[in-house]
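Work the whole structure out from these sequences, hints included.
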Amino acid sequence: MAGLMALASHAAVAQNVAIVNGKAVPKSRVDSLAQQIAKSGRPITPEIETQLREEVIAREVFMQEAEKQGLSASDDFKAQMELARQTLLIRELFADYQKKNPVTDADLKAEYDKFAASNGGKEYKARHILVDKEADAKAIIASLKKGAKFEDIAKKQSKDAGSGAKGGDLDWANPSSYVPEFTEALIKLNKGQTTDVPVKSQFGYHVIRVDDIRNAQLPSFQEVKPQIAQQMQQQKLAAFQEDLRKKAKIE
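Residue 1 is where the sequence shown starts when you use this note's numbering, and the numbers rise one by one after that.
SDA-like cross-link-like pairs, simulated, lysine to any residue; straight-line CA separation at most 20 angstroms:
1. K133 with V179
2. K225 with G120
3. K122 with W172
4. K99 with S40
5. K99 with K225
6. K146 with V210
7. K246 with L93
8. K149 with A139
9. K225 with D113
10. K27 with E54
11. K138 with V210
12. K236 with V103
Computed beta-carbon distance windows for the label pairs:
13. Y97 with T50: 36 to 42 angstroms
14. Q235 with K188: 34 to 40 angstroms
15. E67 with T87: 19 to 25 angstroms
16. S28 with A173: 51 to 57 angstroms
17. A116 with D75: 56 to 62 angstroms
18. A116 with M63: 51 to 57 angstroms
19. S28 with Q64: 14 to 20 angstroms
20. K138 with P180: 18 to 24 angstroms
21. D75 with Y97: 31 to 37 angstroms
22. R85 with R214: 55 to 61 angstroms
23. P219 with L93: 30 to 36 angstroms
24. E82 with R214: 58 to 64 angstroms
25. I44 with L83: 28 to 34 angstroms
26. D212 with E242: 43 to 49 angstroms
None of these hints come from the bench; they were simulated from the model. Cβ coordinates follow ideal geometry from the N, Cα and C atoms, glycine included.
Structural data, given as structure tokens:
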């Protein structure tokens with residue numbers, strides 16, 4: 001009998017991390033905190049386990065004092081508990097939906113193919129000088145034809161401060177990334193060519209030069225797969241949320 005009582009006592013100790021003011025603190029609390037840390041990718045070392053044990057014990061001490069003072073019966077506490085319950089329940093709903101409705105590799109590849117189709121073709125390394133008046137743009141074109149340096153004029157006269165400071169350099173880009181008027185003029189130019197007439201857009205008048213042309217350099221499917229997966233998961237979850245709102249009878 002004594003041996004059985006001792007075994008029972010050891011089992012109880014194993015299930016608890018401490019006894020605080022006569023109340024057992026279950027080990028499951030430590031395990032729950034450890035699971036949260038593990039989800040973030042941090043390893044659960046013996047030092048971390050010790051810290052978690054102390055954290056759980058401290059919480060029990062503070063909770064007992066709060067209960068002793070009757071704080072759990074206050075209206076403010078009850079309201080906060082209800083908000084916390086809603087937040088946790090909604091989080092579980094969304095997590096359950098994503099678990100049951102995963103984005104497949106086929107979905108990801110199809111989305112990548114759409115991206116590649118819309119961003120493929122040619123890329124242009126272009127420069128531009130942007131001014132307010134057409135007359136100024138024409139004067140710049142005339143100066144360039146006489147041998148003036150494009151980069152120097154861009155630094156001095158372009159009102160596009162970002163590219164102007166770099167001699168008008170817009171770096172590599174797909175033509176579709178620009179406003180339509182700019183794109184239309186850009187794709188008519190060959191490598192090394194400059195527009196003969198100013199290009200008018202909503203921003204002013206552009207003088208454009210193409211420094212180089214190449215086939216579009218797209219990232220591989222594997223490189224962008226994580227970003228596509230995250231984006232598609234968010235889209236599916238947003239659609240699920242919108243569907244629930246539409247189905248709900250709100251008066």
